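Asker: One line per chain: the protein sequences are R and A, in this order. Going by numbering that gives the first Met the number 0, the residue at position 99 of the first sequence is 98; the numbering climbs one at a time, nothing skipped. Going by numbering that gives the first Met the number 0, the residue at position 445 of the second sequence is 444; the numbering climbs one at a time, nothing skipped.
Read the hints as simulated data drawn from the structure, not as lab findings. Some hints could be false.
[Stated by the list, open to error] The following residues of chain A were derived to be distant from chain R, with all beta-carbon distances above 12 Å:
| id | residue |
| --- | --- |
| 1 | THR82 |
| 2 | ALA262 |
| 3 | ARG433 |
[Claimed, not checked] Partial list, computed: chain R residues near chain A (C-beta under 7 Å):
| id | residue |
| --- | --- |
| 4 | THR184 |
| 5 | ALA192 |
| 6 | ASN196 |
| 7 | ALA199 |
| 8 | GLY262 |
Values in this document were obtained by computation on a predicted structure and should not be read as measured data. We put the beta carbon where it would ideally sit given N, CA and C, even for glycine.
Residues per chain are reported as follows:
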Amino acid sequence: MNARARQSFAATFARAGMPLVLAVLFAGCAAGIDNFLSVANLRGLALAVSMTGMVACTMMFCLAAGDFDLSIGSVVAGAGVIAAVVMNRTGSVAAGVAAALGFGLVVGLVNGLVVARLGINALITTLASMQVVRGLAFIVSGGSAVGIAAEPFFALGGGVVAGLPIPVWITALCFAAAGFTLNRTVFGRDTLAVGGNAEAARLAGIDVARVKVSIFAAQGVMAAFAGVVLSSRVTSGQPNTSVGFELEVISACVLGGVSLSGGVARVSHVISGVLILGIVQNAMNLLNVPTFWQYVARGLILLSAVLLDRWNHSRRE
Amino acid sequence: MSGVATPSSPGTAALAFAGVGMEFPGVRALDDVSFEVGAGSIHALMGENGAGKSTLLKILSGAHRPTAGEVRIDGRTVEFTSTSAALASGVAVIYQELHLVPAMSVAENLFLGHLPARLGVVDRRRLAADARRQLELIGEDIDPDTPVGELPLAQRQMVEIAKALTRGARILAFDEPTSSLSEREVRRLFSIIRDLRARGCAILYVSHRMEEIFALCDRITILRDGRHVETAALASLNRDAVVERMVGRRLADIYRHETRPPAGPGLAVDALTGPGITAPVSFTASAGEILGIFGLVGAGRTELLRLIYGATRSSGGIIRMEDNEVEVRGPRDALRAGIVLCPEDRKKEGIVPVRSVLENLNLSARRRVARGGMLINEAWERRNAEERIGQLRIRTPSARALIRTLSGGNQQKVILGRWLSETVRVVLLDEPTRGIDVGAKSEIYAIMQQLARDGVCVIMVSSELPEILGISDRILVMRGGAIAAEVARADATEAGLLKLALPVETAVVTA
Numbered sequence: 000m001n002a003r004a005r006q007s008f009a010a011t012f013a014r015a016g017m018p019l020v021l022a023v024l025f026a027g028c029a030a031g032i033d034n035f036l037s038v039a040n041l042r043g044l045a046l047a048v049s050m051t052g053m054v055a056c057t058m059m060f061c062l063a064a065g066d067f068d069l070s071i072g073s074v075v076a077g078a079g080v081i082a083a084v085v086m087n088r089t090g091s092v093a094a095g096v097a098a099a100l101g102f103g104l105v106v107g108l109v110n111g112l113v114v115a116r117l118g119i120n121a122l123i124t125t126l127a128s129m130q131v132v133r134g135l136a137f138i139v140s141g142g143s144a145v146g147i148a149a150e151p152f153f154a155l156g157g158g159v160v161a162g163l164p165i166p167v168w169i170t171a172l173c174f175a176a177a178g179f180t181l182n183r184t185v186f187g188r189d190t191l192a193v194g195g196n197a198e199a200a201r202l203a204g205i206d207v208a209r210v211k212v213s214i215f216a217a218q219g220v221m222a223a224f225a226g227v228v229l230s231s232r233v234t235s236g237q238p239n240t241s242v243g244f245e246l247e248v249i250s251a252c253v254l255g256g257v258s259l260s261g262g263v264a265r266v267s268h269v270i271s272g273v274l275i276l277g278i279v280q281n282a283m284n285l286l287n288v289p290t291f292w293q294y295v296a297r298g299l300i301l302l303s304a305v306l307l308d309r310w311n312h313s314r315r316e
Numbered sequence: 000m001s002g003v004a005t006p007s008s009p010g011t012a013a014l015a016f017a018g019v020g021m022e023f024p025g026v027r028a029l030d031d032v033s034f035e036v037g038a039g040s041i042h043a044l045m046g047e048n049g050a051g052k053s054t055l056l057k058i059l060s061g062a063h064r065p066t067a068g069e070v071r072i073d074g075r076t077v078e079f080t081s082t083s084a085a086l087a088s089g090v091a092v093i094y095q096e097l098h099l100v101p102a103m104s105v106a107e108n109l110f111l112g113h114l115p116a117r118l119g120v121v122d123r124r125r126l127a128a129d130a131r132r133q134l135e136l137i138g139e140d141i142d143p144d145t146p147v148g149e150l151p152l153a154q155r156q157m158v159e160i161a162k163a164l165t166r167g168a169r170i171l172a173f174d175e176p177t178s179s180l181s182e183r184e185v186r187r188l189f190s191i192i193r194d195l196r197a198r199g200c201a202i203l204y205v206s207h208r209m210e211e212i213f214a215l216c217d218r219i220t221i222l223r224d225g226r227h228v229e230t231a232a233l234a235s236l237n238r239d240a241v242v243e244r245m246v247g248r249r250l251a252d253i254y255r256h257e258t259r260p261p262a263g264p265g266l267a268v269d270a271l272t273g274p275g276i277t278a279p280v281s282f283t284a285s286a287g288e289i290l291g292i293f294g295l296v297g298a299g300r301t302e303l304l305r306l307i308y309g310a311t312r313s314s315g316g317i318i319r320m321e322d323n324e325v326e327v328r329g330p331r332d333a334l335r336a337g338i339v340l341c342p343e344d345r346k347k348e349g350i351v352p353v354r355s356v357l358e359n360l361n362l363s364a365r366r367r368v369a370r371g372g373m374l375i376n377e378a379w380e381r382r383n384a385e386e387r388i389g390q391l392r393i394r395t396p397s398a399r400a401l402i403r404t405l406s407g408g409n410q411q412k413v414i415l416g417r418w419l420s421e422t423v424r425v426v427l428l429d430e431p432t433r434g435i436d437v438g439a440k441s442e443i444y445a446i447m448q449q450l451a452r453d454g455v456c457v458i459m460v461s462s463e464l465p466e467i468l469g470i471s472d473r474i475l476v477m478r479g480g481a482i483a484a485e486v487a488r489a490d491a492t493e494a495g496l497l498k499l500a501l502p503v504e505t506a507v508v509t510a
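Please model the entire structure based on the sequences and the hints provided.
Answerer: Structure follows, in structure tokens:
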């Protein structure tokens, strides 16, 4: 590449960034992999990324505020189990969903209060709650999957509206809401300021603790909701599901250019990050890449995305 | 100790700065600075904050590379790329914050990076023996096995000196080494420094404390606004002459004092106590007044402002606004009462570096911006940002530029601009012009004066005498965590204020 071409590539990348990578990746897969463009595959792909997408919305806020949350995988499992158990006991779908969401809210509030009020590092706090919640999921379920009897509940995860599975619609709504909140509301600005410089934000009169607690609470509820949707899809609450889910979601956000040191986040890029990870996964499945190698590939993609981002920043400075 | 005394041939100083210049974006920190430090001499480096002393030390230690001129050691031009490169050439800078690893032992710290080892395993016995020998050289009786973190600060400083000597340093620079030492410890340090001089080391000694300079040093170099003012034998100067040269004359036209009629009661602080304050603080400041608070670093000035603003919780005392008591438990309470703070450390406490000028300007204004309490009124934000950028002449490519790309002066204007769209009654400014070039300084003074004309009570903390004398209507002097004196503008002189601000005990230190 000559200097001029390099510069124009760099400029284009800086502007378009991850959405551009996504477009290239999509076009490549469409051209090179049979069946990739089939309706069934695309629908499956959308469904597969829907859970990551939902939780990435709140994780984006968490990272933007300079924290992160490792407990979400456990919350997904715990919420699914609680939804199943409560539905079976009461026979009420609403009660089951409410109990699951309430559980997520409590976990999120505890995370948030410990991080914001007691000043404990988010990594440590959520590492602890990740294990506590996973343990609770096993305790409540008695150690094995809890089948759900209430059939109407399965529509949430398995239903199709206008050709797309309901979870995909939910995810789209979540992204729209997250984008709106981040860019158009005072809360979104507060989040970015807190992540960009918590002390400056505090001295500027922002209630830093409230912002953080709200984000963790929303994150807990969102993860619980994802857990409810998952339990509906698989018609049971599974205590051992979604191990490592937190890393997948954080990877997607980082791939989408969300700064781990806080203060920088863009919804369009997070969507790209989620889709890139999903497409790579999907492509590897279609190409019959062994599972073990898929881990290797995903790790390398994440690392290269971060390096690309670093290069992009250093070039601009 | 090896290679300490290298006799320098005539005309070749141990250390020489030749035409050294240093430019940062928007600031010229050093401009054509030349002077020499001879072997076997203690050379004072003085200047106000922002005069360029720290930048010069950073160049000497290899932390910065000069953008012009050169540094010579024994007549040879050197260019350090790192602290270890400087050390390899025999140069060590002893900073206020010491560069020791607290959890490691004294001996390990002394030999960090070149621990005596056999086949990669540290030779503990040799390490302890070598360390003890090094400590004896500076006459310190410290157990080499003690973790550095357990030593009092003064002894840590001795370890740092021993560490420099272990590496064969023969040019040592001290940056405010006595700022947190007791009188006895200062005496101990001075005798070690004199001992180093006797062994032929070249010493560069940076301090604010006039008494120490006159008690210890042979020669002096004075910097002002990044320029070299004078290098002379200390015997040829007296204190007032030094202060005069530090302060300079031409600054007079930047500080245009104006008289304003008092505009009624403003802020009253009654017996305020808290961290960093050693005696309850009481004072008043009227609306429309510019009150200067002068003091040296560590006098409790920053702590006082933070207590008033609620950035730190006070442990007692009452704050009144226009005769009404306000309870300040945090910055939000202060803001509600119309008290705002422009903090000392812009980068750490002022700006959100990764966000735009626009967002930084509207950081606190947005309570008004909110439509229905939740949404941002983007049109208002844009208008406000454009208005502030014009009003304060903030030099930025656009309102959307990241604030960290701006110069320090323009960042400071953004922080000030944050409050101009609000109803403020008390503005607390902590070192508002630190690290800012002269042009931006006078613009910031103009903003302060405009605020005062509008009936705002302006309280400025500063360690720059010309600024305090030039802008304030009244001056409080702080010393050792308490208010030492209140001085009317008419009675204030540079020497007088400095004398009030200097710690009492150092006055006893004599040769």
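Asker: Now tell me if each hint is right for this structure.
Answerer: Going through the hints against the structure:
Chain R leaves THR82 (chain A) outside its interface by the beta-carbon criterion, the shortest separation being 23 Å against a cut-off of 12 Å. At roughly 25 Å from the closest C-beta of chain R, the C-beta of ALA262 (chain A) stays outside 12 Å, upholding its exclusion from the interface. At the 12 Å boundary, the C-beta of ARG433 (chain A) stays outside the reach of chain R, the nearest C-beta of that chain being 16 Å off. Interface hint status for THR184 (chain R): upheld, as the beta-carbon distance to the closest one in chain A is roughly 5 Å, under 7 Å.
The beta carbon of ALA192 (chain R) is positioned within 7 Å of a beta carbon in chain A (closest approach about 5 Å), and the interface hint is therefore held. Hint status for ASN196 (chain R): holds, given a least beta-carbon distance of 4 Å to chain A, under 7 Å. Taken as an interface hint, ALA199 (chain R) checks out: its beta carbon lies about 5 Å from the nearest beta carbon of chain A, inside 7 Å. Evaluation of the GLY262 (chain R) hint against chain A yields a held restraint, the C-beta minimum of about 4 Å falling below 7 Å.
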